[in-house]
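Visitor: Residues per chain, in single letters:
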Amino acid sequence: DAGITQSPRHKVTETGTPVTLRCHQTENHRYMYWYRQDPGHGLRLIHYSYGVKDTDKGEVSDGYSVSRSKTEDFLLTLESATSSQTSVYFCAISEVRAGGSYEQYFGPGTRLTVT
Amino acid sequence: AQSVAQPEDQVNVAEGNPLTVKCTYSVSGNPYLFWYVQYPNRGLQFLLKYITGDNLVKGSYGFEAEFNKSQTSFHLKKPSALVSDSALYFCAVREKGDKLIFGTGTRLQVFP
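These protein sequence lines map, in sequence, to chains Z and D. Per our numbering, the first sequence runs over residues 1 to 115. Per our numbering, the second sequence runs over residues 116 to 227.
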């Protein structure tokens, strides 16, 4: 999985609790992304980062925050978990290459269940 | 805004037969298009991309994709399907700001 690890891999939590998911890369890539995957929706972008301390919102950012204090780590926090945030979360990395083309490489995912 | 559509939730094909997984796109400007595959309980794996040049793009595991500008399509193909090709396939298009917009996915089932 392209030098990307995610922790934890599985988590069950209760409604209303905060949850933090971690993405760690060893590739020194500039761009990092958090997606959620739900049946019928494919992958939807939550937040992304284009450098240390540089982040921006994606399509489904409500209820989520992120932080990136080091190149290698990108944290996703669910401020107060809700059942609608039960999902599989994927981290991805990429680097802009000459000509502007790039592809993203994905971590193994975190399965989060909010009860 | 850019978007892609995968009109089929599932595609069934017999092993040894050719397979096609469909994708259509809607973009302003020149499209950057991608195909990814997801095996059970795994992250997405990059298969191939179209940026410019030849309309037929070759990728990993014997897959190829045909870019058709007039039909705004980027269908994934393989001449002879394997049972091990059974997986979830996603088409994606590059969005401004170096983001990807994904389709909803197509489940490919290859029967022995």
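Hints in this document: simulated from the structure, not taken from any laboratory. Keep in mind that this is a model prediction, so the values were computed, not measured. Hints may contain errors.
Unchecked claim - Label pairs and their calculated CB-CB ranges:
| hint | chain 1 | residue 1 | chain 2 | residue 2 | range |
| --- | --- | --- | --- | --- | --- |
| 1 | Z | Pro108 | D | Asn127 | 22 to 32 Å |
| 2 | D | Arg222 | Z | Glu27 | 25 to 35 Å |
| 3 | D | Thr167 | Z | His10 | 36 to 46 Å |
| 4 | D | Pro155 | Z | His41 | 31 to 41 Å |
| 5 | D | Pro133 | Z | Val52 | 40 to 50 Å |
From the three backbone atoms N, C-alpha and C, an ideal C-beta is built for every residue, glycine too.
Visitor: Now, for every hint given, state plainly whether the structure supports it.
Guide: So, going through the hints one by one against the coordinates:
Roughly 28 Å separates the CB atoms of proline 108 (chain Z) and asparagine 127 (chain D), a value that falls within the hinted 22 to 32 Å. Roughly 30 Å separates the CB atoms of arginine 222 (chain D) and glutamate 27 (chain Z), a value that falls within the hinted 25 to 35 Å. In this structure, threonine 167 (chain D) and histidine 10 (chain Z) meet the distance hint of 36 to 46 Å, their C-beta atoms being roughly 42 Å apart. Distance hint for proline 155 (chain D) and histidine 41 (chain Z): a CB-CB separation of about 18 Å, inconsistent with the stated range 31 to 41 Å.
Checking the proposed 40 to 50 Å range against proline 133 (chain D) and valine 52 (chain Z) shows it holds: the Cβ atoms sit about 47 Å from each other.
Consistency note: the structure conflicts with earlier hint 4 alone.
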